[in-house]
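Peer 1: The listed protein sequences correspond, in order, to chains A, B and C.
Residue numbers for the first sequence follow our numbering, beginning at 570 and rising by one.
Residue numbers for the second sequence follow our numbering, beginning at -2 and rising by one.
Residue numbers for the third sequence follow our numbering, beginning at -16 and rising by one.
Simulated from the structure, these hints should not be mistaken for laboratory data.
Quick caveat, the model's predicted, so the values are computed rather than measured.
Possibly wrong hints are sitting among the right ones.
Derived pair list, reagent style BS3-like, types lysine-lysine, alpha-carbon separation capped at 30 Å [said to hold, decoys possible]:
1. C:75 / A:943
2. B:345 / B:166
3. C:271 / A:896
4. B:345 / B:263
5. A:957 / C:269
6. A:904 / C:269
7. B:67 / B:97
8. C:75 / A:979
9. B:210 / C:75
10. B:331 / B:357
11. B:67 / B:303
12. C:75 / A:896
13. A:852 / C:184
14. B:363 / B:345
15. B:166 / B:363
16. B:267 / B:242
17. C:75 / A:957
18. C:75 / A:713
19. B:331 / C:75
20. A:922 / C:184
21. C:271 / A:922
22. B:215 / B:310
23. B:242 / B:215
24. C:271 / A:943
25. C:271 / A:904
26. B:303 / B:97
27. C:184 / A:979
28. A:713 / C:184
29. A:713 / A:590
30. B:163 / B:149
31. B:223 / C:269
32. B:72 / B:149
33. A:852 / A:899
34. B:303 / B:72
35. B:215 / B:263
36. C:75 / B:215
37. B:263 / B:197
38. B:303 / B:267
39. C:269 / A:899
40. B:331 / B:303
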Amino acid sequence: MSDAPILLEMRSITKEFPGVKALSDVNLVVRAGEIHAICGENGAGKSTLMKVLSGVYPYGTYDGDIIYQGAETRFSDIRASEHAGIVIIHQELALIPHMSIAENIFLGNEPRRRGAIDWKSANRMALDLMARVGLQEDPDTLVKDIGVGKQQLVEIAKAFAKDVKLLILDEPTAALNGADSQHLLDLLRGFRSRGITSIMISHKLNEIEAIADEITILRDGRTVETLNIKADGVDEDRIVRGMVGRELSSRFPDHTPKIGEVFFEVRDWNVRHPISAERQVCKNENFVVRRGEIVGFAGLMGAGRTELAMSVFGRSYGVYESGTIVKDGKEIVLKSVADAIAHGLAYVSEDRKAIGLNLLDDIKASTVAAKLSKISHHGVLDEVAEYKAAEAYRRELRTKAPTVDESVSKLSGGNQQKVVLAKWMFTDPDLLILDEPTRGIDVGAKYEIYGIIQRLADQGKGVVVISSELPELIGLCDRIYTVFEGSITGEIARQDADPETLMKQMTSTKKMQTR
Amino acid sequence: MRNLIGKSVAIGAIAALALTACGSGRSGDSGGSKSETKGFSADSLIGVALPSKTSENWVLAGDLFTNGLKEAGFKSDVQYAGASTTVADQQAQITAMVTKGAKVIVIGATDAAQLSTQVAAAHAAGAKVIAYDRLITNTPDLDYYVAFDNFKVGQLQGQALLDGMKAKKPNGPYNIELFSGSPDDNNAGVFFNGAMSVLKPEIDKGNVVVASKQTDVKQTAIQGWKAEGAQARMDQLLTSTYGSKELDGVLSPNDTLGRAIITSIKGAGKPVPVVTGQDSEVESVKSIMAGEQYMTINKDTRNLVKETINMVKALQTGATPQVNDTKSYNNGSKVVDTFLLPPVAVTKANAAEAYANDPKLSPLTK
Amino acid sequence: MSRFKDLQKNLFGGTTSNARQFGMIFTLVAIVVLFQILTDGLTLRSDNLIALFQQNSYILILAIGMLMVIVAGHIDLSVGSVAAIAGILVAKSMAEWSLPWPVAILFGLAIGALIGAWQGFWVAYIGVPAFIVTLAGMLLFRGGNQFIGNANTIPVPEGFRMIGSGFLPEVGPSTGYNNLTLLLGLAACVAVVWREFQSRKTRREMDADAAPLWISVLRMAVMVGVIVFASLRFASGRVGTSFPVSGIILVALVLAYSFYTRNTPGGRHIYAVGGNSRAAELSGVKLKRVNFFVMMNMSVLAALAGMIFVARSAASGPQDGNGWELDAIAAVFIGGAAVSGGIGTISGSIVGGLVMAVLNNGLQLLGVGTDRVQIIKGLVLLLAVALDVYNKSQGRFSVIGSITRAFRRDTPAPPTSSSAADHEPAKTTVPG
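Just chain A, same shape as in the assembly (with noise of 0.2 Å):
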């Protein structure tokens, strides 16, 4: 493989923000038909590099060389390096939800006949390219209405509608299931075979080293090194150590539980969905949790875990219907996130960036958001207060950032999910509701941000976490729920959890108790 022609040479590229240095001197070689990987912790400058090669960073606001197919290459924009063949895939998906399929897949690219677009051939050709990457729907379906992983397809299908010859996958599974995560890798494999060579940035390192041909890991806006995974013998572990400069003896810090009483209880839940009421999403649900214990939420996507989750922090999702929540004995009604949050609960969301922090605000204003009431005295806000509150999080937390005063905007995720938990942490809640809370963050950051969970457990609180990475259930957990179709259908101590046994009852209706 390593004698195959090089496509692509990125030679010394450095690019500068105002006060960063985002990336110092980066080589990336990539060989024509592999498919090669680039790690490296949030904040590295993958995503950087690839804005530079695409052209998002026009030629002239970098240094260096970008040579492709053997010629120098200066990108003025996008367009110019879509229509070199290089197609970039976004982390977040560039679809217009209510456009179909077809339409989405040549939008700003249309067949044309007379001027009027064609949409007799289009519809034929989009039938083509949706072959090409394993996706069967009308094409005249809606994008809103198919799922995460068929959106991720339709993208796929868009590039190859623009000739793709460099196909570059900006966390491709990183929104994906188990299933829909392995037909990805598996339509890689083929474009492999099939000559087209792909750049691919991930966390999910068991995916790195199951798909990769090479591997470039870049830190600090550095290049550290490049490896041929078959030749190097390259493995998780000498991938992690590359990342972040040192071995990580575990994934987990060590902990030993200190459980105490059941305290949070909730019973019979039934919710139904916010705009289709016929839809139940929460289908008479029980569970505890126990003070000092965590306890994991298993489930696949759209399982119900996080519907089950919000709709109990104050509804504030769908429709309630029915059941009751008991709190250290006595029954609580929360009919709003402010009732909730009075009555010591926390939800940290799975998204972060869209319903977990006000991109405007800064560090200190975020922290401070959920409960103003701390830091005010008849209704006027203490600035010194609120300022030294969010200080001792950002130290107790060790978020990285200059001062409380910079804005979260400019975080990178894992500091950022590190204000959110400061914003709840400082909320005093005797119940933490965390929704995905290492998603999209780099394995530095998660291995703090367990430690952070497992010190709140010891303060006495529980804690419940909603994941769809079992290992980290697997790892974390005291004891785990498994959610199938807004059910609870199983509950598995720590001792007893295995992915074999979650995942089973993660895909069927029928309740097993193996407490």
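Please build the complex by placing chains B and C on the supplied structure of chain A, with the hints as guidance.
Peer 2: Using the frame of chain A, we list chains B and C on its own:
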């Protein structure tokens, strides 16, 4: 870097100095007493504040003022109010003229009742205020009023309407509709009352019929003298009242509205009735010569501006300007000394004669 | 850190968003100085300054409410119409039902509150976009104004005119100045100095770099200088004129609302809703209540603005309020608010409004016609916002940033975010 700080400090210092240098003690008592003495210097600033540029007449008046005041040796500042925020603009403009030290301020008011604060300020600063064409109400500080005899205008319109209909159709009863001007314009009511003083006896006799029965000024008024308002109202009248009936005449207070009314009637495919007007706008004179609009009023803006400038000149020398009516125009606070000019009714028959001296209109009448 | 950066950072507060405001204040000063020169000293003469405040206080009052509406992510197109209907009702209440004028003012505010509650209800509880609700309101209340007033002009009594055209009275010994205005100026100076020391204390308590002392002194000197100058100016107008009553109302409102938006949980909530409404909701912010409040508050302020205008014009007329919404919205955006909500300050909007006001006034003093004034104002609005957008898209932060870039020679600060990976951020030192 240091250099920049130096610069900015220097700039700040200079600015501060400049500012304080011109600050001084209190500018005496009201300058009003000064103007009582004897006129003002012959090259003083004269302010002219006119309504928005939506009618040819105001634009013409502005040009005439600019040139006329210049010829008389004055400095002039002629301003129009903006199209949407008229009242506030005019208030600000008058205040700016006072600030600039205008000795006389001529005001064609956008809203006759909303300028008393500014007129008072002008008076207090020693400026004389002349209301041009529109009487400013509710202020004791207005000095003079120059206008055409607007009641007479209405009478001429009413009479011409009757004459015109009689000429077309010797015997009544005649169906007519009534339009009046913007309710915030003091003159609109005067026109309407003048016209009604002629029409009312005929209506009472049954010789003239307002078929829509809309005779109240609230129903006939067109806000802001807007053409589209008149056209819309005429459209509705035609639909509601003139499905089968014949419309013989329309009392329109001015040319802009008159033409809008004719447009509406032609749009409905009906014969053009006798329509009155006022202001002698170019398009209307063309329309009269073409036999569509029946009449207009010639209030020669030249004469009105000339009289106003004469007043300014008199004030400059310290003399009392000539007025010819010291009884009729009570603005709510005082009776204002007024100079009235007579209007002239113009139809196709006398157009050539009436516009003989007007370089723009006389060619149209040949 | 260079001295210039110190200055830039500290002159008008400490946070980055103030950089934009600094730019606007710079622009305002530049425009004032420009017109002061062009008009041969008329711009800053007492009578003109007084007139400037009287003419624009109602627009600036609208800008306060509009800022909050825009920060919350909405817009209010109905303010002119609301002002007009409140104005006509208040005028009628005094002319026909002979309400005493103080009661009439309360009545006017109540009308504003009622209309605001109506609009707030649709926006907050039914979820109709504010653009639509207030577009409807614009028609509704304009029509209401004409229906009630029959498009007539209704004069208002002398006492009521105070709020629009009144001045601080002359009291005390004859000093050649208006004594109350001088006292007001003195109070403002004391407040500025007190505040500066408070904020230094606060910064110290935060263990943060307080601005170097020379900057504090400079800042105080500049502000005290401006206040002294302004109060002398306002106090030395023609006898009987001084600082206008409408200006006092405006200043009181600016102070109260600045405090509310900056220093109370309620104010924070408005920014939170505008920045990310879903995140705010999940943080326990009562979304509906906030939206209802900003819409209702806007209408109350619109009613107040309407009354002040009526008082100044001595009568309520059918043209009142025409186009005011545009002036208020322009002021807010020139003052640095974001169209998408979440960003903006009261003081910024006031500065934005003053930029427009001084431009208007200066051009009028120069005898430039309204037609051209409108063209210039339109271009200024477009350029101010475009420059800001352009600077942001270039990764630079502000207007002033681009102005001063040429002067910057320092190397960029070390990478801030995650690349400062393993070491703790340097401990900040506490100066003097």
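Peer 1: Any of the earlier hints contradicted here, and which numbers?
Peer 2: 1, 8, 10, 12, 13, 17, 18, 20, 22, 28, 29, 31, 32 and 38
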